[in-house]
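S.K.: Next come the chains, spelled out residue by residue.
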Amino acid sequence: MKANFMSDRQLLEIMAYSDGELDAPRRHAVEKLIAEDPAAAALHQELIACATVLRAHEPLGTVPETREFYWSQIQRRIDAAEKASARAKAPIAPVFGWLRWLAPAIGVAAVALVVTYQQRPGPTILAVGEASSMTFTSEADGVTISWIN
Amino acid sequence: MPASLKNDYLSAPDDALVGWAQKGDTEAFEQLVFRHRDKIYARAMMMMRNEQEALDLSQEAWVKSWQRLHQFQGDSSFATWMTRIVINLCLDQIRRQKKMRAESFEQIEEDLGGVERQMAVEHVNPTEGLEKDELRKRIDEAMAKLTEAHRTVLVMHEFQGLEYKEIAKRVGISIGTVMSRLFYARRRMASLLQGLRRERSE
Numbered sequence: 009m010k011a012n013f014m015s016d017r018q019l020l021e022i023m024a025y026s027d028g029e030l031d032a033p034r035r036h037a038v039e040k041l042i043a044e045d046p047a048a049a050a051l052h053q054e055l056i057a058c059a060t061v062l063r064a065h066e067p068l069g070t071v072p073e074t075r076e077f078y079w080s081q082i083q084r085r086i087d088a089a090e091k092a093s094a095r096a097k098a099p100i101a102p103v104f105g106w107l108r109w110l111a112p113a114i115g116v117a118a119v120a121l122v123v124t125y126q127q128r129p130g131p132t133i134l135a136v137g138e139a140s141s142m143t144f145t146s147e148a149d150g151v152t153i154s155w156i157n
Numbered sequence: 011m012p013a014s015l016k017n018d019y020l021s022a023p024d025d026a027l028v029g030w031a032q033k034g035d036t037e038a039f040e041q042l043v044f045r046h047r048d049k050i051y052a053r054a055m056m057m058m059r060n061e062q063e064a065l066d067l068s069q070e071a072w073v074k075s076w077q078r079l080h081q082f083q084g085d086s087s088f089a090t091w092m093t094r095i096v097i098n099l100c101l102d103q104i105r106r107q108k109k110m111r112a113e114s115f116e117q118i119e120e121d122l123g124g125v126e127r128q129m130a131v132e133h134v135n136p137t138e139g140l141e142k143d144e145l146r147k148r149i150d151e152a153m154a155k156l157t158e159a160h161r162t163v164l165v166m167h168e169f170q171g172l173e174y175k176e177i178a179k180r181v182g183i184s185i186g187t188v189m190s191r192l193f194y195a196r197r198r199m200a201s202l203l204q205g206l207r208r209e210r211s212e
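Note that the protein sequences, when read in sequence, are chains P and X.
Here the first sequence is numbered in our numbering, starting from 9 and rising by one per residue.
Here the second sequence is numbered in our numbering, starting from 11 and rising by one per residue.
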């Protein structure tokens with residue numbers, strides 16, 4: 009019996025009906041189709057039978073290794089994962105312990121450097137007589153330059 | 011280990027073993043591995059069709075389960091929880107290998123509803139002719155003939171018992187694609203099983 013005269017949607021809905029995946033209105037529509045169309049009914053039966061056969065006869069497998077060897081490999085992986093996790097969580101090694109004090113020390117040194125630099129006498133610009141004249145003095149270089157407009 | 015305790019492990023239900031394993035008892039966990047290893051391996055084998063990969067993924071599943079054992083609340087059986095872990099690992103592996111994309115040509119034709127519409131309806135009767143063990147073997151052989159994409163959906167629906175929506179979410183495809191693949195896979199299985207029966211009777 010061919011099922012090729014039904015639409016794709018109908019074919020899939022028959023399957024969804026077999027799997028209990030349809031809401032009430034669509035369920036009723038498929039039930040009507042199955043009741044009226046022998047091809048739809050046959051397809052429904054085939055899908056159910058196939059699923060039943062599969063579920064009742066799930067292929068079995070046997071681990072192709074001895075129990076001891078299989079477990080030893082799992083145990084080795086668990087140990088390796090736990091060691092890796094412990095390493096990741098471990099505190100910094102004592103030999104490098106002093107490094108943790110280095111960060112604030114570097115911070116303090118940087119601040120001190122900035123303050124020292126700002127306190128260095130640098131070039132100053134003095135405005136004389138509003139915008140009519142301007143004087144530039146560099147104590148470091150011992151130079152004074154004046155502009156007069 | 012005292013003999014009495016060893017006997018406890020052998021006779022204890024899964025729930026008790028899980029409880030002990032959650033407290034760090036590796037012997038209890040080993041017993042769980044021993045009880046369910048074949049099922050977990052078989053599920054991985056069905057998905058991957060490769061002994062080495064199945065072995066590797068099944069072991070990885072046990073490692074993951076040991077690490078996440080505290081998350082197991084007993085909502086499902088331990089075996090169901092374990093099969094879920096191994097299926098997820100298989101899906102990750104398949105994604106990594108991009109096998110599904112490699113099969114895309116064959117898939118597109120099948121997903122669009124080509125050949126399965128033309129197949130004659132088969133009458134699959136599990137009790138007819140074949141012994142149970144032989145039928146299992148035949149089903150396994152038939153499943154090997156499906157593409158990975160179709161087999162994945164079939165395994166997740168028929169053996170894992172997942173709904174269309176859940177399969178779509180886990181595999182990362184639409185519900186329509188799940189339905190289309192499942193429909194094709196079932197029809198092809200029906201046809202393959204019927205063919206095997208015919209071969210046998212000849």
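Wrong hints could be hidden among the right ones.
No farther apart than 30 Å at their CA atoms in a straight line, the calculated lysine-lysine pairs in the BS3-like style are these [stated by the list, open to error]:
id, chain 1, residue 1, chain 2, residue 2
1, X, Lys142, X, Lys33
2, P, Lys97, X, Lys33
3, P, Lys97, X, Lys74
To spell it out: a stretch of chain P is covered by chain X in this simulated footprint if at least three of its residues, at any positions, have a beta carbon under 8 Å from a beta carbon of chain X; those stretches are [unchecked claim]:
id, stretch
4, 14 to 23
5, 31 to 41
6, 51 to 57
7, 62 to 68
8, 112 to 121
Don't read these hints as lab results, they were simulated from the structure.
Don't be surprised by glycine CBs; every beta carbon is placed ideally from N, CA and C.
S.K.: Would you mind marking each hint as holding or not holding in the structure?
M.R.: Hints and how they fare:
{"no.": "1", "hint": "X:Lys142 to X:Lys33", "verdict": "violated (40 Å)"}
{"no.": "2", "hint": "P:Lys97 to X:Lys33", "verdict": "holds (21 Å)"}
{"no.": "3", "hint": "P:Lys97 to X:Lys74", "verdict": "holds (19 Å)"}
{"no.": "4", "hint": "14 to 23", "verdict": "holds (count 4)"}
{"no.": "5", "hint": "31 to 41", "verdict": "violated (count 0)"}
{"no.": "6", "hint": "51 to 57", "verdict": "holds (count 5)"}
{"no.": "7", "hint": "62 to 68", "verdict": "holds (count 7)"}
{"no.": "8", "hint": "112 to 121", "verdict": "violated (count 0)"}
Consistency note: the structure conflicts with the earlier hints numbered 1, 5, 8.
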